[in-house]
Amino acid sequence: MKLAGVLVTLLGFIVSILSLLLGSTAGRLAVVLLGLALSLFGIIGILNRAHLKNPIWKKG
Amino acid sequence: MTLHCLLLLVLSLCVVLPSSSQTPSVSAAASTPASASKPITDSDLANVPVPAADARAKGDTDGSQTGTASDISVSDAKKGITIGDLANQVGQNKIAINFVWTLITGFLVMFMQLGFALLESGLARAKNANHTMMMNLVVYGVGMLAYWLIGFSIQMGGVGAIANLGGTPPLNAEYVITLFGKPFGLFGQHGLFLMHGGTYDVGVMVLFLFQMVFMDTGATIPTGAAAERWKFSAFIVTSFLFAAFTYPLFANWAWGGGWLSNLGANFGLGKGYVDFAGSGVVHAVGGLSALAIAMILGPRIGKFTRNGRPQAILAHDIVIVLTGCLILAFGWFGFNPGSTLGASGNGALRIGSIAANTMLASASGLLSAMLYMWLVYRKPDASMTGNGFLAGLVAITAPCAFVNPVGAVLIGLLAGVLVCLSVSFVERVLKIDDPVGAVSVHGTCGIWGVISVGLFADGKSNYGGSWNGVNGSVTGLFYGDASQLVAQLLGVATLLGFVFVLSFVFGFVIDLIVGQRVSAKSELQGLDLPEMGAVAYPEFELKAEM
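Protein sequences appear in the order of chains A and B. The first sequence lines up with residues 889 to 948 when you count with the working numbering. The second sequence lines up with residues 4 to 549 when you count with the working numbering.
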């Protein structure tokens with residue numbers, strides 16, 4: 889899960905960089921926002937959730 | 004009626020009397036055309052009167068005889084003063100002003116270390132005060148040496164000429180790859196040990212000192228988020244890696260001539276990624292590293308109940324917390340105005356508006372956070388008011404040089420509310436324990452600062468007619484340039500998708516090798532004794548763990 893979170897977060901960065909291949913500002917904006925959403929999902933939706941699977945407050 | 008008469012009198016006086024404010028009046032002489040003059044020659048300079056030696060020997064009580072033509076260095080004593088000597092002295096004076104300005108503002112930024120130390124130690128419990136203070140002290144030494152060894156080279160080794168500091172010509176080796184048919188600068192190569200590549204240079208030394216204290220500000224941010232449970236050895240390794248690699252890489256891309264700064268020149272995105280004093284480079288990098296470490300460490304024992312509900316763990320000394328906030332705000336006048344790297348040169352006089360914007364955003368951030376807490380939680384919470392103060396400062400750090408005062412106030416206002424919402428989100432939704440709110444203050448509001456450049460930059464600044472190699476002034480969406488916002492968002496994408504990932508990977512590996520978290524026994528006892536060998540307040544009997 890943690891590896892998946894790292895990879896999805898990194899993928900968001902790569903998608904954002906790929907926006908530079910487009911010509912229009914609006915198109916670039918849309919792709920960068922998509923990349924940002926992916927990275928946020930990787931951090932909050934996958935990586936953090938993986939850390940909350942067995943949190944300290946549920947132990948002992 | 005009397006009041007009306009008084010008002011009329013005051014108004015009429017305002018109209019009739021000349022201005023008595025600090026604004027200089029334009030004299031009649033200034034408007035008359037200058038009389039025809041012949042060019043100055045060396046012989047004219049030789050005849051400039053200088054104070055006689057016997058007059059000087061009696062002392063200069065009013066200062067009129069100190070600092071005259073006799074103080075100008077001459078290249079040939081036989082010839083006396085020449086036009087060339089005069090021009091060289093003017094050039095040296097310009098660079099001297101900039102050196103002194105940059106060094107003194109750098110010293111102010113170094114003083115912020117004390118602000119962080121007090122803020123974080125005050126927010127921690129008394130049983131961890133020594134440990135938290137020590138982290139804030141030791142990060143200075145560890146970070147500085149790592150940055151001297153390699154970090155500065157990665158960040159600034161290929162920055163090119165910095166005119167305000169006399170050119171810094173040895174910093175001319177950027178490692179560049181080609182991507183999408185354009186050059187992508189990745190890291191600098193000169194400056195290892197401040198010796199390699201001719202970097203034993205006065206201008207480079209000034210730049211190193213200034214950039215070092217910036218890096219150290221970023222490096223100290225994770226110590227707050229990881230307070231009260233971070234193993235000291237893991238903290239040292241983390242700080243070393245932060246100063247050597249994590250921070251310098253992003254700083255190179257933004258400030259050292261790297262690919263983000265060239266998005267304008269290479270891809271037509273505004274003036275490239277713009278981050279004047281480091282909302283992104285310093286604060287978001289530090290805040291996202293803090294997020295990665297806090298995530299890996301997990302929350303302190305007792306922070307969440309068995310069903311995951313957050314519990315308040317109270318600060319042990321709110322007085323030193325707010326003292327720390329005020330020291331940080333004072334140091335910020337080095338952080339932002341100092342980032343001109345000079346007080347003389349193209350656009351350097353914008354230091355006035357940069358300082359004013361910094362001040363305004365801090366005030367509006369403070370007030371909006373305080374009012375938010377007062378309205379929502381019925382009390383003007385002290386620590387969150389302090390965090391709002393810092394949030395305004397963090398947010399204005401990137402745009403301070405490009406926005407007008409109204410923009411600065413709006414940026415600060417939004418930052419003050421944003422930090423309150425973010426602290427609540429991090430704690431209640433993400434269930435991440437951040438004892439000082441570092442992720443929200445520096446991460447969230449740092450990102451907001453980066454974005455705000457792309458919205459509020461008013462196109463009125465002028466730093467030599469161009470920025471990042473693109474002609475014109477930095478202009479945001481609200482003033483007509485949407486492409487600047489895209490450049491800023493690409494910077495944010497890099498922060499989230501690269502800087503966070505790198506920090507997480509470093510943290511994960513350190514956790515595997517050294518272990519990031521102290522034992523439960525040490526944590527319950529307080530880290531002062533098991534980790535540091537001495538408690539901060541030996542005369543006080545501390546309460547048992549709840």
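Since the hints were made in silico from the structure, they are not lab data. Any given hint might turn out to be false.
To be verified - Mimicking SDA-like on lysine to any residue, the simulated pairs with C-alpha atoms at most 25 Å apart in a straight line are:
{"#": "1", "chain 1": "A", "residue 1": "Lys941", "chain 2": "B", "residue 2": "Ile316"}
{"#": "2", "chain 1": "A", "residue 1": "Lys946", "chain 2": "A", "residue 2": "Asn936"}
{"#": "3", "chain 1": "A", "residue 1": "Lys941", "chain 2": "B", "residue 2": "Ala315"}
{"#": "4", "chain 1": "A", "residue 1": "Lys947", "chain 2": "B", "residue 2": "Phe243"}
{"#": "5", "chain 1": "B", "residue 1": "Lys185", "chain 2": "A", "residue 2": "Gly911"}
{"#": "6", "chain 1": "B", "residue 1": "Lys185", "chain 2": "A", "residue 2": "Asn936"}
{"#": "7", "chain 1": "B", "residue 1": "Lys185", "chain 2": "A", "residue 2": "Ile902"}
{"#": "8", "chain 1": "A", "residue 1": "Lys890", "chain 2": "B", "residue 2": "Arg520"}
{"#": "9", "chain 1": "A", "residue 1": "Lys946", "chain 2": "B", "residue 2": "Ile86"}
{"#": "10", "chain 1": "A", "residue 1": "Lys890", "chain 2": "B", "residue 2": "Ser236"}
{"#": "11", "chain 1": "A", "residue 1": "Lys947", "chain 2": "B", "residue 2": "Ala315"}
{"#": "12", "chain 1": "B", "residue 1": "Lys185", "chain 2": "A", "residue 2": "Leu921"}
{"#": "13", "chain 1": "B", "residue 1": "Lys61", "chain 2": "B", "residue 2": "Ser76"}
{"#": "14", "chain 1": "B", "residue 1": "Lys97", "chain 2": "B", "residue 2": "Pro173"}
{"#": "15", "chain 1": "A", "residue 1": "Lys946", "chain 2": "B", "residue 2": "Gly311"}
{"#": "16", "chain 1": "A", "residue 1": "Lys890", "chain 2": "B", "residue 2": "Gly311"}
{"#": "17", "chain 1": "B", "residue 1": "Lys434", "chain 2": "A", "residue 2": "Thr913"}
{"#": "18", "chain 1": "A", "residue 1": "Lys946", "chain 2": "B", "residue 2": "Ala55"}
{"#": "19", "chain 1": "A", "residue 1": "Lys941", "chain 2": "B", "residue 2": "Pro313"}
{"#": "20", "chain 1": "A", "residue 1": "Lys890", "chain 2": "B", "residue 2": "Pro173"}
{"#": "21", "chain 1": "A", "residue 1": "Lys941", "chain 2": "B", "residue 2": "Arg309"}
{"#": "22", "chain 1": "B", "residue 1": "Lys82", "chain 2": "B", "residue 2": "Ala56"}
{"#": "23", "chain 1": "A", "residue 1": "Lys941", "chain 2": "A", "residue 2": "Ile902"}
{"#": "24", "chain 1": "A", "residue 1": "Lys947", "chain 2": "B", "residue 2": "Pro533"}
{"#": "25", "chain 1": "B", "residue 1": "Lys185", "chain 2": "A", "residue 2": "Ser912"}
{"#": "26", "chain 1": "A", "residue 1": "Lys946", "chain 2": "B", "residue 2": "Arg431"}
{"#": "27", "chain 1": "A", "residue 1": "Lys946", "chain 2": "B", "residue 2": "Leu317"}
{"#": "28", "chain 1": "B", "residue 1": "Lys524", "chain 2": "A", "residue 2": "Val896"}
{"#": "29", "chain 1": "A", "residue 1": "Lys941", "chain 2": "B", "residue 2": "Val508"}
{"#": "30", "chain 1": "A", "residue 1": "Lys946", "chain 2": "B", "residue 2": "Lys61"}
{"#": "31", "chain 1": "B", "residue 1": "Lys82", "chain 2": "B", "residue 2": "Ala55"}
{"#": "32", "chain 1": "B", "residue 1": "Lys185", "chain 2": "B", "residue 2": "Lys82"}
As the list claims (entries may be wrong) - Covered stretches of chain A, as calculated for chain B (at least 3 residues, CB under 8 Å):
{"#": "33", "region": "897 to 908"}
{"#": "34", "region": "912 to 925"}
{"#": "35", "region": "933 to 947"}
Predicted model, so just to flag it, every value in this text is computed and none were measured. Note that beta-carbon positions come from the ideal geometry of N, C-alpha and C, so glycine has one too.
Hint by hint, which ones does the structure fall short of?
Those not satisfied are hints 4, 6, 9, 17, 18, 20, 23, 28, 30 and 32.
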